[in-house]
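Here the protein sequences come in this chain order: A and B.
Letter by letter, the first sequence follows residues 1 to 357 in this note's numbering.
Letter by letter, the second sequence follows residues 358 to 614 in this note's numbering.
Read the hints as simulated data drawn from the structure, not as lab findings.
Remember, it's a predicted structure, so these values are computed and weren't measured experimentally.
Incorrect hints may appear among the rest.
As a list, the in silico DSSO-like pairs of lysine-lysine whose alpha-carbon atoms are at most 30 Å apart [as the list claims (entries may be wrong)]:
no. : chain 1 : residue 1 : chain 2 : residue 2
1   : A       : K336      : B       : K390
2   : B       : K432      : A       : K336
3   : A       : K154      : A       : K164
4   : B       : K518      : B       : K533
5   : A       : K11       : B       : K453
6   : A       : K14       : B       : K493
7   : B       : K433      : B       : K416
8   : B       : K363      : A       : K239
9   : B       : K485      : B       : K432
10  : B       : K575      : B       : K369
11  : A       : K11       : B       : K433
12  : B       : K363      : B       : K433
13  : B       : K390      : B       : K499
14  : B       : K485      : B       : K416
15  : B       : K499      : A       : K14
16  : B       : K493      : A       : K11
17  : A       : K271      : A       : K93
18  : A       : K239      : B       : K390
19  : A       : K11       : B       : K432
20  : A       : K239      : B       : K493
21  : A       : K14       : B       : K453
22  : B       : K485      : A       : K14
23  : A       : K93       : A       : K164
24  : B       : K453      : A       : K239
25  : A       : K239      : B       : K416
26  : A       : K239      : B       : K575
27  : B       : K433      : B       : K575
28  : B       : K518      : A       : K11
29  : A       : K11       : A       : K271
30  : B       : K433      : A       : K239
Listed below, chain by chain, are the residues.
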Amino acid sequence: MVIKMKKSMNKNTKNNFITYGMVIIVFAIVQLLLATGHVSSLMGGLLVPLCTYVILAVSLNLTVGILGELSLGHAGFMCVGAFSSAFFSMVTKNTLPGGLRFFLALLIGAAAAGLFGILIGIPVLRLNGDYLAIVTLAFGEIIKNLVNVFFIGKDENGYHFSMKDAISLDMTVDGETIINGPQGITGTPNDSTFLIGVVLILITLVVVLNLIHSRDGRAIMAIRDNRIAAESIGINITKYKMMAFAISASLAGVAGVLYAHNLSTLTALPKNFGYNMSIMILVFVVLGGIGNIRGSIISAVVLTLLPELLRGLSDYRMLIYAVVLITMMLFNWSPKAIEWRERVLPKNLFGGKTKEV
Amino acid sequence: MTEKNKIMLEVKNLSISFGGLRAVDEFSISIRKGQLYGLIGPNGAGKTTVFNLLTGVYKPNEGSVVLDGTEVTGKKTIEINHAGIARTFQNIRLFKELTVLDNVKAGLHNQFHYSTIEGILRLPRYFKVERAMDEKAMELLKVFDLDREAEYQAQNLPYGKQRKLEIARALATNPKLLLLDEPAAGMNPNETQELMDTIRFVRDNFDMTILLIEHDMKLVSGICEELTVLNFGRILAQGNTSDVLNNPQVITAYLGE
Chain A
1 MVIKMKKSMN
11 KNTKNNFITY
21 GMVIIVFAIV
31 QLLLATGHVS
41 SLMGGLLVPL
51 CTYVILAVSL
61 NLTVGILGEL
71 SLGHAGFMCV
81 GAFSSAFFSM
91 VTKNTLPGGL
101 RFFLALLIGA
111 AAAGLFGILI
121 GIPVLRLNGD
131 YLAIVTLAFG
141 EIIKNLVNVF
151 FIGKDENGYH
161 FSMKDAISLD
171 MTVDGETIIN
181 GPQGITGTPN
191 DSTFLIGVVL
201 ILITLVVVLN
211 LIHSRDGRAI
221 MAIRDNRIAA
231 ESIGINITKY
241 KMMAFAISAS
251 LAGVAGVLYA
261 HNLSTLTALP
271 KNFGYNMSIM
281 ILVFVVLGGI
291 GNIRGSIISA
301 VVLTLLPELL
311 RGLSDYRMLI
321 YAVVLITMML
331 FNWSPKAIEW
341 RERVLPKNLF
351 GGKTKEV
Chain B
358 MTEKNKIMLE
368 VKNLSISFGG
378 LRAVDEFSIS
388 IRKGQLYGLI
398 GPNGAGKTTV
408 FNLLTGVYKP
418 NEGSVVLDGT
428 EVTGKKTIEI
438 NHAGIARTFQ
448 NIRLFKELTV
458 LDNVKAGLHN
468 QFHYSTIEGI
478 LRLPRYFKVE
488 RAMDEKAMEL
498 LKVFDLDREA
508 EYQAQNLPYG
518 KQRKLEIARA
528 LATNPKLLLL
538 DEPAAGMNPN
548 ETQELMDTIR
558 FVRDNFDMTI
568 LLIEHDMKLV
578 SGICEELTVL
588 NFGRILAQGN
598 TSDVLNNPQV
608 ITAYLGE
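Produce the entire structure from the sequences given, and follow the hints as far as they go.
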């Protein structure tokens, strides 16, 4: 009996380490390719965004797969993380050393996004149903538009704030505009590297996977599976829903920090922080398998690289992309495919059971 | 009052209306510690509504519920569970995608503690507490003969075992009073017999007070010491099992004129 229990514990731990190992091996291979010059500059430039998407997919899977609530505004949390941290980095650009500054920026981005997660969660997570999807959808759009009317500048008299235009900041001649409305933040220090991205992926994975296999994670999944039963055994529903959602939001904030510090100009466009982005992250999660963390990583990587790899096929590019989407969906969800997969492929490769990671 | 005759649950004049319908009307019951008490009645009599009132799913319009000397009337479900009432459901409500073991460990949630940080960083206390939880959960599963299925997903268990797992999960919350809502529903005679033994075992070994709703008269007459019969939300009869079952009014309510 005791042996059996040990085995179950080890199975989870082993599964987690396979996931970490996968990330590290891919990282090593990419580093090798980079060193031997086999990566085009286009692909090279895609590495940090790729890490961003992986973190986003994993963090959204915490909300969708583990908590069982739909969030359609994950890009909004990323946006909060990106702008709050970029603002901090701009302000402290000349006063703090690079490493410390980026570390603090990460904390600030995560905290700001987490705070917004809590603010949204307080009213919405008390309700049952699809309200979270509706509210987060609106939140994502509002944040994006709000950022576009923010003007913050700094001169020797201190900070100036306006929601009209840069001139209304009313600064002295040598004043510097930090957030310039639709033009966003220009000149954020480029602190993000592929290495930092991979480290952040690993941290995200440790947080999410260890959370899932802990007392709190069990409570969260219990709520997902049956709210009424969870309540009847004394689990505090609101607390654990809030916990999962806030962690998910702050991890999306971390992704935003990584994203912001990879660009010289950070602007809030529909392309990067809009509805389409939120849906794309959701596509990663659904195709990777809802609740399957490892699947989220794989599908984020494949679906980000695919359009670039297929660039040579020009017109047929999006056609093949669509075919791959459908194939992945069938592979993941069709009962026949699952049966085949369990028979032919080694058990651990795709996380085994769909929803238990 | 001696330990044996201590009142575990004292319900007085509990009532609730849904719109114009008085679903439960002046329900009173008094259950002694260690008693096996049955709540029976035709379909729609309000039995499950009584359970929902006792566990805080509904707030009563009138009346009081006192558990082991503590007033729990109108409290929230979680608070009532913390006070010591655990229940199972008529339509099984397991955490179906969790393993059998994790279902019980979820029930142990408030018995074992470590912080979120300790869980995420896997500090020594995480391993210590998780091991203790595993042992306790396996102990419970063993009682219900589910230990060999510990690693199965709960939804893959056969029906009878799912019912047992629900009881195990409720017991894991360390209650004073266990409410079973039709535990034998959908079971064959052999399974029912086995369930009766299990319920008795739970009462004797966990020092439990049990209130159960049941339609299976064999089970009711076999294990319940006292009965309350509900009909149209009102108490029709109350008392010793054999007396109640021979009460002509009860027979009429069940079989018609």
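Here's how the hints hold up against the structure:
no.	hint	in the structure
1	A:K336 x B:K390	violated (53 Å)
2	B:K432 x A:K336	violated (48 Å)
3	A:K154 x A:K164	holds (16 Å)
4	B:K518 x B:K533	holds (23 Å)
5	A:K11 x B:K453	holds (20 Å)
6	A:K14 x B:K493	holds (24 Å)
7	B:K433 x B:K416	holds (9 Å)
8	B:K363 x A:K239	violated (36 Å)
9	B:K485 x B:K432	violated (34 Å)
10	B:K575 x B:K369	holds (29 Å)
11	A:K11 x B:K433	violated (37 Å)
12	B:K363 x B:K433	holds (25 Å)
13	B:K390 x B:K499	holds (25 Å)
14	B:K485 x B:K416	violated (40 Å)
15	B:K499 x A:K14	holds (27 Å)
16	B:K493 x A:K11	holds (20 Å)
17	A:K271 x A:K93	holds (27 Å)
18	A:K239 x B:K390	violated (34 Å)
19	A:K11 x B:K432	violated (40 Å)
20	A:K239 x B:K493	holds (25 Å)
21	A:K14 x B:K453	holds (23 Å)
22	B:K485 x A:K14	holds (19 Å)
23	A:K93 x A:K164	holds (26 Å)
24	B:K453 x A:K239	holds (22 Å)
25	A:K239 x B:K416	holds (22 Å)
26	A:K239 x B:K575	violated (43 Å)
27	B:K433 x B:K575	violated (35 Å)
28	B:K518 x A:K11	holds (25 Å)
29	A:K11 x A:K271	violated (40 Å)
30	B:K433 x A:K239	holds (15 Å)
Violated hints, in rising order: 1, 2, 8, 9, 11, 14, 18, 19, 26, 27 and 29; the structure is consistent with all others.
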